[in-house]
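Trainee: If you want the building blocks of each chain, they are given just below.
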Amino acid sequence: MAKVETAETSAVAPARKPVRKKASAGARKSGYITIVVDKDHLLDEDVNYNYVARAIVSDVVLERDVRLDSKKRATLTGAEFDHYHMIVQSDGTIVLEPRVLARPVPPRVLAMIDSSVENLQKGRAGKSIDFAEYRELLDEDDE
Amino acid sequence: VPFVIRKGVPDVERIWEDLETRLKAGTLDADERIFLKRLVKAAHHLSQNPRHPGLQSHEIDDLSRRAKVKVWCSYLQNNAPAAGRIFWCYGPGQDEITIVGIEPHPEDRKSRGYERVTLSAMPREKKKPAAEQPKTKKPGKRKK
Chain A
1 MAKVETAETS AVAPARKPVR KKASAGARKS GYITIVVDKD HLLDEDVNYN
51 YVARAIVSDV VLERDVRLDS KKRATLTGAE FDHYHMIVQS DGTIVLEPRV
101 LARPVPPRVL AMIDSSVENL QKGRAGKSID FAEYRELLDE DDE
Chain B
1 VPFVIRKGVP DVERIWEDLE TRLKAGTLDA DERIFLKRLV KAAHHLSQNP
51 RHPGLQSHEI DDLSRRAKVK VWCSYLQNNA PAAGRIFWCY GPGQDEITIV
101 GIEPHPEDRK SRGYERVTLS AMPREKKKPA AEQPKTKKPG KRKK
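Which chain is which? The protein sequence lines are A and B, in order.
Sequential numbering from 1 applies to the first sequence in our numbering.
Sequential numbering from 1 applies to the second sequence in our numbering.
Since the hints were derived computationally from the structure, they do not count as laboratory data.
One or more hints might be untrue.
Claimed, not checked - One side of the interface only, derived from the structure: several residues of chain A facing chain B at Cβ under 10 angstroms: (1) Q89; (2) S90; (3) L137.
Said to hold, decoys possible - The calculated lysine-lysine pairs, modelled on DSS-like cross-linking and capped at a C-alpha distance of 25 angstroms, are: (4) B:K37 - A:K127; (5) B:K41 - B:K24; (6) A:K127 - B:K70; (7) B:K68 - A:K127.
Stated by the list, open to error - Sample of chain B residues lacking proximity to chain A, with all beta carbon distances greater than 10 angstroms (derived): (8) G26; (9) H44; (10) N49.
Cβ coordinates follow ideal geometry from the N, Cα and C atoms, glycine included.
Please take these sequences and the hints and turn them into a complete structure.
Mentor: Okay, here's the thing in structure tokens:
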């Protein structure tokens, strides 16, 4: 059984019609193979945005049978990651895709960046920082 | 030539001035004082060299795409993104940098932890040596 790696799924339309498309949820859940769209591939309008798919097949490092316990739990032997995205398919197949924790920018900081950048693009920025005022702080040892 | 560091308007300037006013009044608590110190030091390093190794400056592509200008992120403490981050852009003038965002109080590691799970990111495949054979255990009597 081959495990298939996924990557970012997006495609770019021709320059005159800049549309970003993502692989549909159905396509992503269609089976063991996840569609990977070549990000740099420019799709012709006539192709009707068909996805350019390629599958990266990884080596199988462990294969074993698993039995659920009375509470429907199973041990993920050989699991390398702390978080997984689970897809349960209609035929009973369960797919676990590794996920990593990221540290996204909180919404309030995002709003701050948006307003500051908007003003910056209009040439508006606040006062410059005079480091002489903070000489005492700068000279303090690190905690 | 050192860069002139400017505060983004309105939020960054408001936060900075609030901290500065309270520093002068002596009403900053210990954590806020440490935070301001890190902020000033980071801004100072930024003015001297935006690629100062302690800042770990890196562009955040998603923010750059969103803002349509290059948005950079620097850490307030060396190798410690949890200590706080600043976001900055070059401009508006030549040899000027504007701090466009400050993340002063990062969310607690446990709080809303699952909101941090990115559903699209897939780590690069790690090449590992061949998996060890699972230990075989002799079937024993089950304890009741």
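Trainee: Next, verify each hint and record whether it holds.
Mentor: Here is how each hint holds up against the structure:
1. The interface hint given for A:Q89 is broken, as the beta carbon of that residue sits about 18 angstroms from the closest beta carbon of chain B, more than 10 angstroms.
2. The interface hint given for A:S90 is violated, since its Cβ lies 21 angstroms from the closest Cβ of chain B, which is over the 10 angstroms cut-off.
3. Evaluation of the A:L137 hint against chain B yields a held restraint, the C-beta minimum of about 5 angstroms falling below 10 angstroms.
4. At most 25 angstroms may separate the alpha-carbon atoms for a hinted pair to count; B:K37 and A:K127 meet this at roughly 19 angstroms.
5. A hinted pair counts as satisfied when its Cα atoms are at most 25 angstroms apart, and B:K41 with B:K24 qualifies at roughly 18 angstroms.
6. Our distance criterion of 25 angstroms between C-alpha atoms is met by A:K127 and B:K70, whose separation comes to about 21 angstroms.
7. Proximity of B:K68 to A:K127 is assessed by CA-CA distance (about 23 angstroms); at most 25 angstroms being required, the pair is judged to hold.
8. Annotated as non-interface, B:G26 keeps its C-beta farther than 10 angstroms from every C-beta of chain A; the closest such distance is 12 angstroms.
9. Once the 10 angstroms rule is applied to beta carbons, B:H44 is inconsistent with being away from chain A; the minimum gap is 5 angstroms.
10. Separation of B:N49 from chain A is adequate, the least Cβ-Cβ distance of about 14 angstroms exceeding the 10 angstroms criterion.
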